[in-house]
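Colleague: Sequence:
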Amino acid sequence: MTFKLLARQVALCCLVASFASAVARAEDAAAWVQKGFYLQVHEGDLAGAAAAFERVVSDSTAPAKLRSEAQTRLAQCREDLASADLARLMPPDAIGYLELNRPGDQLVRLAKMLGLVQEPGAQRAAHAEEHAAHGIPLGNGLVFPANFTLSPSLAAELKKFRGAALAITGLDERLKGVPEGVLVIHPGDSDLVRGLLETGVQLIESAKPIGDFKTYRFKNDHHEFWITVTARLLIAGTKRDAVAATVERLGNPKAASLATRPAFKALEAERRAGLLFAYVDGHEMARRLRPLMKGQEAAIIGTVLDLDHLESLTLTAGVTDDSVKVSARMNLLPGHHNLAYNLIRTPPFTRRSLGSVPRGAAAVVLLGLNPATPAPAASSAPKQDAAVTITGMDLGREIFGNIEEVAFFVLPPGADRAAGHSPVPEMAAVFAVNDAAKSEALWNQILALAALFGVRDSHSREVKIDGKPGKLYQFPRIPPIVVLRGADRTLIVGTEGAASAALRANGGQESILTDEAYRNLLSRLTPNSSKAVFVDASRALQIARDFSGDRDSSEMHMAGLVLKDLRLSIVTDEAPNCLTLSIEATGLPNVPSMIETFSSQMARAQGEK
Numbered sequence: 314m315t316f317k318l319l320a321r322q323v324a325l326c327c328l329v330a331s332f333a334s335a336v337a338r339a340e341d342a343a344a345w346v347q348k349g350f351y352l353q354v355h356e357g358d359l360a361g362a363a364a365a366f367e368r369v370v371s372d373s374t375a376p377a378k379l380r381s382e383a384q385t386r387l388a389q390c391r392e393d394l395a396s397a398d399l400a401r402l403m404p405p406d407a408i409g410y411l412e413l414n415r416p417g418d419q420l421v422r423l424a425k426m427l428g429l430v431q432e433p434g435a436q437r438a439a440h441a442e443e444h445a446a447h448g449i450p451l452g453n454g455l456v457f458p459a460n461f462t463l464s465p466s467l468a469a470e471l472k473k474f475r476g477a478a479l480a481i482t483g484l485d486e487r488l489k490g491v492p493e494g495v496l497v498i499h500p501g502d503s504d505l506v507r508g509l510l511e512t513g514v515q516l517i518e519s520a521k522p523i524g525d526f527k528t529y530r531f532k533n534d535h536h537e538f539w540i541t542v543t544a545r546l547l548i549a550g551t552k553r554d555a556v557a558a559t560v561e562r563l564g565n566p567k568a569a570s571l572a573t574r575p576a577f578k579a580l581e582a583e584r585r586a587g588l589l590f591a592y593v594d595g596h597e598m599a600r601r602l603r604p605l606m607k608g609q610e611a612a613i614i615g616t617v618l619d620l621d622h623l624e625s626l627t628l629t630a631g632v633t634d635d636s637v638k639v640s641a642r643m644n645l646l647p648g649h650h651n652l653a654y655n656l657i658r659t660p661p662f663t664r665r666s667l668g669s670v671p672r673g674a675a676a677v678v679l680l681g682l683n684p685a686t687p688a689p690a691a692s693s694a695p696k697q698d699a700a701v702t703i704t705g706m707d708l709g710r711e712i713f714g715n716i717e718e719v720a721f722f723v724l725p726p727g728a729d730r731a732a733g734h735s736p737v738p739e740m741a742a743v744f745a746v747n748d749a750a751k752s753e754a755l756w757n758q759i760l761a762l763a764a765l766f767g768v769r770d771s772h773s774r775e776v777k778i779d780g781k782p783g784k785l786y787q788f789p790r791i792p793p794i795v796v797l798r799g800a801d802r803t804l805i806v807g808t809e810g811a812a813s814a815a816l817r818a819n820g821g822q823e824s825i826l827t828d829e830a831y832r833n834l835l836s837r838l839t840p841n842s843s844k845a846v847f848v849d850a851s852r853a854l855q856i857a858r859d860f861s862g863d864r865d866s867s868e869m870h871m872a873g874l875v876l877k878d879l880r881l882s883i884v885t886d887e888a889p890n891c892l893t894l895s896i897e898a899t900g901l902p903n904v905p906s907m908i909e910t911f912s913s914q915m916a917r918a919q920g921e922k
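When we follow my numbering, the leftmost residue of the sequence shown carries the number 314, and every step to the right adds one.
If you're looking for bench data, these hints aren't it; they were derived computationally from the structure. One or more of the hints may lead you astray.
Calculated lysine to any residue pairs in the SDA-like style (CA-CA distance at most 20 Å, straight line) [stated by the list, open to error]:
id	residue 1	residue 2
1	K844	T663
2	K425	N903
3	K751	L682
4	K567	A557
5	K578	V593
6	K877	R858
7	K638	V678
8	K532	L484
9	K751	R665
10	K473	G417
11	K578	D398
12	K527	A544
13	K578	A591
Simulated restraints on C-beta separations [said to hold, decoys possible]:
id	residue 1	residue 2	range
14	V846	A544	45 to 53 Å
15	F457	L394	38 to 46 Å
16	S373	F531	39 to 47 Å
17	T573	N453	50 to 58 Å
18	A857	R658	27 to 35 Å
19	N565	L602	25 to 33 Å
20	E583	G361	26 to 34 Å
Glycine is no exception: its CB is placed at the ideal position from the N, C-alpha and C atoms.
Construct all of the structure, not just a fragment, from the sequences and the given hints.
Modeller: Structure, rendered in structure tokens:
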């Protein structure tokens, strides 16, 4: 009896210990699942989350439910890690690539610039009830409120969407050049987008699975698509093999892909910064096009474009903290003979001419023409009154040798302009030249010939502008044009007011180099910048108002509110093997302030009635 009792007690103790051990293991597995969930969802530490879930999956004693959840989340983490760069899923021989990168972040950033996102804890100033601006009535009980903002919940939901990528792998000749390729959509943590995709694909005919994932096939008389839904992605392609290869790359981080190509890897920083990124592989494009080009057509394209030395074409569009920017780039291989690019390429400007562009300019066009030359020594510089001989060849030398760069600017109307003045704005061109005396003599000769033969009833005379001697040319129906030398080997050709402003600028505090409106745009110029256009929209509107005789003042006033801080720039950077065209806008309008002002005007107009 004693032995049996002892055996029962031992068995009971073992059972209790086993049960306690199982509970402890279950609690331990639950803790690891909880930790992995926190790292995955809240911290974004996918590698740490994957390690936590792997620990639970590999524990055969863990409860089945916890192991199943850990297995599901482990697959999610592994896919998110593998698809962090969507280009890694694309075939290495892709001709073109298009990527939408975290659009929610970019859209929210844009909304913040427009004043449509309220900072946490910020409160708009309340208006007195009698002066409250309720917004713009839209009819049928609807109103666009002056304090309209983007809901934080909507902003958070937009940020969850990861993005999408499309690779073009060829053209289907049977379908008249319809592109072939692969599309990958990553809903990220947006359950709404994921749910819509996973629900919608069920309407398509089921097909044999690819890997362990559900696959669907859509086919009509002209097109065929294959769609696979993985743990985190939706993958679609025009061929089943292409979709299967994408799924294979998803599970093999070392597989060859578009992201592993050296030319593509060099574009990483440019690609990550934008909302939209487009890429064309020059080598693959030339290889696919070469069989299609024959005879003279091939010779012309080969001479003009030199496709064999075209490395890539890219397009990037995105939103920074203070601007919206679009940039297109052509990358060429060293030793290229791209005639089209060589013909349009000019040396970079040194910004020397900007020293004579006055502050407050409404628009500036800057063009580099010839390589910069050092200023001559004082002993070798020609005297101001030395005679200069002009020949017919000097016109060509002026354009192709003497003018280093030219800046053309337009000034908005000043407050001192008298009533009844000409609506033509003050404008001038500042030429930064190597030989200012030669340029002055040549331009005076050109305008003198125009006065004699080109335009009737015109005349010229000597003038002094702010103490500087120059020559004035008077033509019918246009303001007088003056020609005079400025500082730092510059020549100024333009209206009297603009020439006077250019002289006062003289590279100092009155020049555009100190103009706050253009400070950010000018700071983005590079040593390869060759051509540029800068526009201050508010100042340009003043010129438009002057031309219109200040008619439609209410519309002009509203336009002024919209364009108050808007500045635009178009710049080309022309390196020996790279052409970049950038378009940028800063100072976008604040929508709530604009609506509030507009609604107040509407209320006053109704009160006057």
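Colleague: Against each hint, give a clear statement of whether it holds in the structure.
Modeller: Against the structure, the hints:
1. For the hint pairing K844 with T663, the CA-to-CA distance comes to about 11 Å; that is within 20 Å, so the pair holds.
2. A distance of roughly 9 Å separates the Cα atoms of K425 and N903; the hinted pair therefore holds under the 20 Å criterion.
3. A threshold of 20 Å between alpha carbons decides the hint, and for K751 with L682 the separation of about 17 Å falls inside it, so the pair holds.
4. The suggested pairing of K567 with A557 holds, with an alpha-carbon distance near 16 Å, which does not exceed 20 Å.
5. With a CA separation close to 13 Å, the supplied pair K578 and V593 stays within the 20 Å bound.
6. This hinted pair checks out: K877 and R858 have alpha carbons roughly 14 Å apart, not beyond 20 Å.
7. Distance restraint check for K638 and V678: the Cα-Cα separation of roughly 19 Å lies within the 20 Å cut-off, and the hinted pair is therefore satisfied.
8. Proposed proximity of K532 and L484 is supported: the alpha carbons are some 18 Å apart, at most 20 Å.
9. Between K751 and R665 the alpha-carbon distance is near 18 Å, which keeps this suggested pair within the 20 Å criterion.
10. Between K473 and G417 the CA atoms are separated by roughly 7 Å; this keeps the pair inside 20 Å, and the hint holds.
11. Restraint check: the Cα-Cα separation between K578 and D398 comes to about 11 Å, which is no more than 20 Å; the hinted pair holds.
12. For a cut-off of 20 Å, the pair hint linking K527 to A544 stands: about 10 Å separates their Cα positions.
13. A distance of roughly 14 Å separates the Cα atoms of K578 and A591; the hinted pair therefore holds under the 20 Å criterion.
14. For the hinted restraint 45 to 53 Å between V846 and A544, the CB-CB distance of approximately 49 Å keeps it satisfied.
15. Distance hint check: the CB atoms of F457 and L394 are about 44 Å apart, consistent with the given range 38 to 46 Å.
16. As the Cβ distance of S373 to F531 is approximately 42 Å, the hint placing it in 39 to 47 Å holds.
17. With their beta carbons about 57 Å apart, T573 and N453 fall inside the hinted range of 50 to 58 Å.
18. For A857 and R658, the Cβ-Cβ distance of about 34 Å falls inside the hinted range of 27 to 35 Å, so the restraint holds.
19. Evaluation of the 25 to 33 Å hint for N565 and L602 yields a pass: the beta carbon distance comes to about 31 Å.
20. Checked against the hint of 26 to 34 Å, the C-beta distance between E583 and G361 comes to roughly 30 Å, which is consistent with it.
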